[in-house]
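So the protein lines, in turn, are chains A and D.
Those letters in the first sequence? Residues 1 to 1032, per the working numbering, in order.
Those letters in the second sequence? Residues 1 to 256, per the working numbering, in order.
Hints in this document: simulated from the structure, not taken from any laboratory.
Do not rely on the hints blindly, as some may be mistaken.
Said to hold, decoys possible - Each computed BS3-like pair below joins lysine-lysine, with the alpha-carbon atoms no more than 30 Å apart:
id, chain 1, residue 1, chain 2, residue 2
1, A, Lys-519, D, Lys-44
2, A, Lys-574, D, Lys-111
3, A, Lys-674, D, Lys-211
4, D, Lys-44, A, Lys-303
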Amino acid sequence: MATISTALRNFKEPTKEQQTQIGFSLPQSGPLDGSEQGTAADDIERMDINAVLSMGQQGEEDSYAGKLYLMAPFLCFTSLDRRSVRFTLPLSTIRRVERLNARAGIYALSLSLWNGLKIIVQLTSLRPTADLFCSLLRDALKVELQRGQMKLCKPFAKTCYSEFLLASDSDASSSSRLEHEREDGSIIEQEKKPDGEGGHERTYLGGLGLKFRFPGDPKKLREASKVKLWTSYLKTHGRNLTLLRYPQCTRLVQVGLPNRLRGEMWETLSGSIYLRFSHPNYYVQLLKDNEGRTSTSTEDIEKDLHRSLPEYAGYQSEEGIGALRRVLQAYSFKNPELGYCQAMNILAAAILIYMSEEQAFWLLEVLCDRLLPGYYAPSMHGTLLDQRVFESLVQRTLPIIHEHFQSVDVQLSVASLPWFLSLHATVFSCIKLSPAYLSFRYINSMPMIFAFRIMDCFFCMGPKVLFQVGLAILKINGDKLLAIQDDGQFLNLMRDYFASLAESAHPKSSDPRARAITKFQELLLVSFREFSGITEDLIHSERKRFRNEIIHSIESFSKRSAIRNLRTLGQFSKDQAGLIYDALYKAMCIVPPPSTHQNVQADLLVTTANGEGVEEKPETRIELKTFRYFLSEIATWARDEKIVSNGFQQRVDREVAEHEFIDRLFFFWDTSCKGALSFQDLVNGLDGVMFNGLMENIEWFFNLHDKNKDGYLTKDEVLVLSETWLFIFRFEVGDAYLGAISRFMTNAFEYGDALLPENQDSDVKESEGGGSPPPHVSSNQPYLNLPTFRMVVLADEILESFFETDMSASFRLQPLPEMELPVSSSGLLGDIWSTIATDSNKKIFNMFTDELGKTIGKHQVIHRPSIGRYTKLEEPKARESLLTPSMRRSASKSSLNSASASPSVGLTSSSTLSVDSLAISSSSTSTPPPPPPAKDTATPVSPVADSERGPLPVVQPAMLERTPFAIDDVGSDSDDDEEDDEEEDDDEEEDDLEDDDRVMDEVDAFLEAHDSGLSEADKAVAKDLLKAEPMK
Amino acid sequence: MADSASGSSADKSVQVKLVLLGEAAVGKSSVVLRFVSNEFQANKEPTIGAAFLTQKCRLEDRVLRYEIWDTAGQERFHSLAPMYYRNAQAAVVVYDITKASSLDKAKSWVKELQRQANPNIVIALAGNKLDLVQSSSAAQSGSTSEAEDEADDATATPGETPGTPEDGSESLRQVPREEAQAYATEAGLLFFEISAKTGEGVVDIFTEIAKKIPIEHILASSRGAAGRPGAAGARAGNAEGVNLDESAKPKDACNC
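Using the sequences provided together with the hints, build the complete structure.
Encoded structure:
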C-alpha cells in the first residue's frame, strides 16, 4: 500500500544560467519531452553584454542601462535594477539589425521588429566584445531564418487579441469592435448570417468569458479606461511576442487587467506564450495521441470537474466542463509523474475563463513547472518548502506576530497553505463555506475578481507576489492577530477579512478619495510597497536554505507511513523494517524503478482483471536491477567489495554482484508473480531467512533451488546449488569452503545414486558392475530429497556452520550512512565545486591515484570476504564418522570435477592470498590515508551557506509601524504627462474621464522611482541615437 | 448563524477539536455542511488544505463547541494531515459505502490516528452515501426526523440507527454493514452509516462522540495551561513549519 518516490533526491538547484532563463520567463532549453531533438539554436553560444536600451520613438520612454543577453532563440534585456525594464524577444520577430552611424566610440544597433517596432541598443562593452556579440547575433538570426520561424510570427499574432485590438483601433472603426462586445468584453452573439460575412471572423483566442461573460461589474472595474490605456501602451511598446516591459506596464497590471486582454497578457507575462509559439499543434496532438487513455489522474479529474467554480455559468455547461477536462487531462498526459492535484482544477477553471484551451494548457505547464515548482507533485514538496520559507519571512519581517503565534501554538500553514496552493483563488471561493457568506450572497462573484487581480500580479512579477501578499495580509490584520488564541480563531479572522475586501479601507476618512480605497487596494499597496524587499533572489536563497530540511521531513514521513502500512512486519522490529526501507530507498535512488505511472496502469489492469479490487492502490515495486542493488546493501555476498590501497588513499570499492542466485532469490520472493517486488515482499522474503535456525535454513536453501517444488532436487539443481555456494564463498580466504563443496558434491551424488529407484533397468545392470562409472541420470529427474540433502550437509562441519549461523548472518541490517542530499552550493566556489565533484570525476581521480600507486608499487586490492569465518589457511577436517570408507574413496574423482568447474574461484582465492600478505607489510609503512573524497564535497560549501544565514539588511522588521499610503496624497504625486493625455480625449464622456482618472490614481499609487542607471551625459548620447542613420 | 466567528473564551461551552479524514470525494465536506448548516450541495468544490467550521452540540448536561477541521482527501495531501489532526480530541473517518477501496483508506487513517495522534482521541467511523443504497421510502423516513430549523444548535437526537434495508438499490453497496461494524468494534471505534444528502445519522455521530469525549480531562488540562490541551507538548518539540516529525508528538500511543 505504499508508493515510494525518490524524485526529491534528483533535485538540482538551477544553475546560474537557468536562473537567468527563469528571470526572463524563457522556456527551459532542451527537448520538451524527449520527442524532439535539440534545435540548432542550442548550439549557438550564449552571451551577455552591457547595453543601453532606447525606444525607437523619441520621448516615449527614458533610456535604461542594463544588460543584453543573447540566449538563442531569444534576445533579452534587463535594466540594471532588474525590475524597471526588461524584454524577451524571440529572435524570429526581428526583421532587421543595423549598425547605427553615431558619434565616434559608440557602438549601437537598431533592431526592427516584424510589426514595425524599433529598438535601439547601444553596446557599451569594449569593441571586440561588441563585435563578437554582433556576429553571434547574426548566426543566431540565420538559424532562425533557416528554421522557418520567421514566417510564423504573423499567423501567430492573429491568435492574439492585442493585434485585433490595435487593428480595430487604428482603423478608426472601433465602433465595429464595440458593436459586438458587451461592456465586460464578452461577445454579443449575433444571429447567424448566411455566408459572405467573413469580415468579422474571430481569429484571436479567448476564454469562456467571451461567451459566458466575465465575472464582475465592468463599470466598477472601469474596463473601458483600462482598455484605452493598454491600447496606447501596446501600440508603442509592442505586444504579445514583442512586448517591452517598462515601468508603466507593471503599474497597469497592478490595477488589474481588462477582461478581454487578461488571458493574452497572462501568457505574455508568464512566458507561456513562447511555448505556445514554438510548439504549434502540440496540444491538439497530445490529446489525440492519448485519446481514451485512463489513469488514476483522469479518474481524479473526473471527480472534480463539476466541483470547479461551479457557480460560474460556463461550468454549468458541457462546453466549459469539456474544456476543463481536456486541459487537465492533457496536462496529466504531458506530465504523468505529477498527474493531477486538487487545486489545479480551480486554477485551470479560473484561467479558462480568460484563455483558450491551448493557452491555458501552456500556462498550466509554466505554472506547475516554473512558477510553482513542486507545488502539485505527489509529495507536494514545493508547497511545504514555500510554507517554511513563508514562515521564516514572517519571522523576519513581522517578528511580533511570529512570536505570538509561537506562544499560542498557532500554525501559520493552516491558513497560508491554500493561499499558495491556489494563488489565493480558493481563499476567496472558500468564503462560500462560511455562514457569513450565506448572508452576503449578493456579492457572489466579487471575491473571484480579487483573486484574478492577484493572479495578474503573480504572472507579471513572479512567485514573490504570493509571499508579499501573504505578508501584507498578516500585517494589515496585525492587531487582531495578536489577540487570537488558536488556529480556529486565526482562520475565522482571515475569513472575515477576505469577506470584507470590497469594503472601504478608510470608511471614516473625510477625503472621498481615501474613502474610495478598498481594503483590497490597500492590500496590494502594502504588499508591493512595504514588502518590496521580498525579491525573487531572497526567495530563491531561502528555498535553498530550507530545502534539505523539508526533503528530510517528507522522506521520514513517507518512511513511517510505508512501515505503518506493511501488512506484517514479520519478526522484524520497526527499526529493522526502517533499515530495510533505507536499503530499498537507496537502491531506488541509484537504480530507479520504471516510471511510476506505467506501474499504476499495470496495477489498474490487474485490479480490473481480478474484479475484486483487492489491490486498489498503486504500489511501488522494484525490478530485478534495483533488487540486485538492494540486496547488495544487505547481503554480504551480493556485493564485490575490494579494499584498494594505493599509497595515497585507502578506499572500499563496492560493486553490485550479478549471479543467477540473486535472480533466483528475486523470483523466489516474488510470491505474487508480478515480476517486481514490493516493500512488503522484501520484508517477507528477508523474514523468511534472517531468523532461521539450522534446520530451517537448510530447508530454505533447498526450496530455493527446487525449481518445480516437488520436494526433490534434480542432478542439475544440485550442480546449481553447488555453484551458488561457490558464488557465496568466492572471496573466502583459503580452500576450506572449496573443499567442503567438493565433498558435498561427492557425497550428494553418491547418496543420490544410492537412493535412485531400483526399478530403472539401466541401474540394475550397472550396479552389478560394482566400480563402474556412476549411472546415467537424466538431468531433470528427481534426484535428491530434503532429508538426504540435510544429511549430506550435516556431514560437513563447514556447511553446517554455514547453515547454522553464517547464512542468516550474511544478511545484515546496518544503518546506512546518511545519504548525501543534493549539495546546496551557492556562489562561485560552490558552482565550480559542484561541477568538479561529480561521480565520474571521482572515479577518474581514483583511477589516477591507482595508477600512481601501481608505479610506486603500493597498489593493492583485497576482496573483502562475505562470511569471513576462516581467516587461517588450514582446512578444517570433515566429519569422519558419518561417511563410510567406500564413500570417501569415490570422493576424489568428483572433487576433480568440481575443481575444474570453477577454476576462476581457485584463482581468485590464491591471488587474494598473495595480496593479503603485501597489504600487511605496506600498511605499516604508508602514510595515513587522506579522507575519502566524498567527505570533501561538503567542506568548501559550508562557509558560504553560513554567510547566507546572516541577517538580510533588505528586509526590515516593519511590524505595526505602517507608513501612510502614497495613495492618500496621490493628487500631488500624479504624473503630468498622463493627466494631459487623458484631458486630450475631449470626446469622452465625463463619467469616463473620472473613471480614467481613478484608474490613473491607482496606477500612480504604484509609482516608484525607477533608476535608469544613466548619467545625464549618457542620456544625451542615447537620445542622439534615436536620430542616427544606419551605417552605409 | 451558529458560528459567532471569534470564539470568545468567556464561552461556557467546552471546545472540542474534531478532524475529518477519508478518501477524496467520500463526502467529508458534505457531512460537515449538513451538521453545521443543515444543507446539502451536490457539487462541492474539493477542499484545499482544510476548511474550518464550528458548531455547538448540546447534551443533557453540557454544551460542546466543535471546532471542525475538514481536510482534503486526495492522497497527496496526506502528508499535510498531521498539521490538522494534532491536538484533536475527536476524529471522524469517513468512507463511501459504495466504494470498497475507501474503507481500506479509512482503515489506514485509523491506524495512523491511533499511532500518531493524541492518545485519548475518540474516533468514529462513518460510512457515507447511505441514500444511494436505500429504497426511496427509507431515505425519506430518515430525513423527516430532521427538522429544518434545527441547524443552530444541533440538539441531540440519539435515535437508533435504522436497520439496513435489504431491498432495491442495495446492489450499489460495496461495503457490507456487518464488515465495517466488525472492523469498528475490533478497532474500538464508534460506527455509523450515514447520508449527508438526507441527513440521516449525521447528527448522531457528533452527539455520540460528545458523550464519549472525556470532558473533565479537557477541562482540567485547559484550566492548567494557558493554551489548549496538548499544545505545550507539541510546541516543545518543534513549533516551526509544517510539523511532520513524529518525535514532536507527545508519546507514541502504539497499541498495535
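Structure-based check of all given hints:
1. Distance restraint check for Lys-519(A) and Lys-44(D): the Cα-Cα separation of roughly 28 Å lies within the 30 Å cut-off, and the hinted pair is therefore satisfied.
2. Straight-line distance between C-alpha atoms of Lys-574(A) and Lys-111(D) comes to about 15 Å, which keeps the hinted pair within the 30 Å bound.
3. Using a Cα cut-off of 30 Å, the hinted pair Lys-674(A) and Lys-211(D) is violated, with the two alpha carbons roughly 49 Å apart.
4. Annotation: proposed proximity of Lys-44(D) to Lys-303(A) holds, straight-line Cα distance about 11 Å (limit 30 Å).
Of the numbered hints given earlier, the model fails hint 3 alone.
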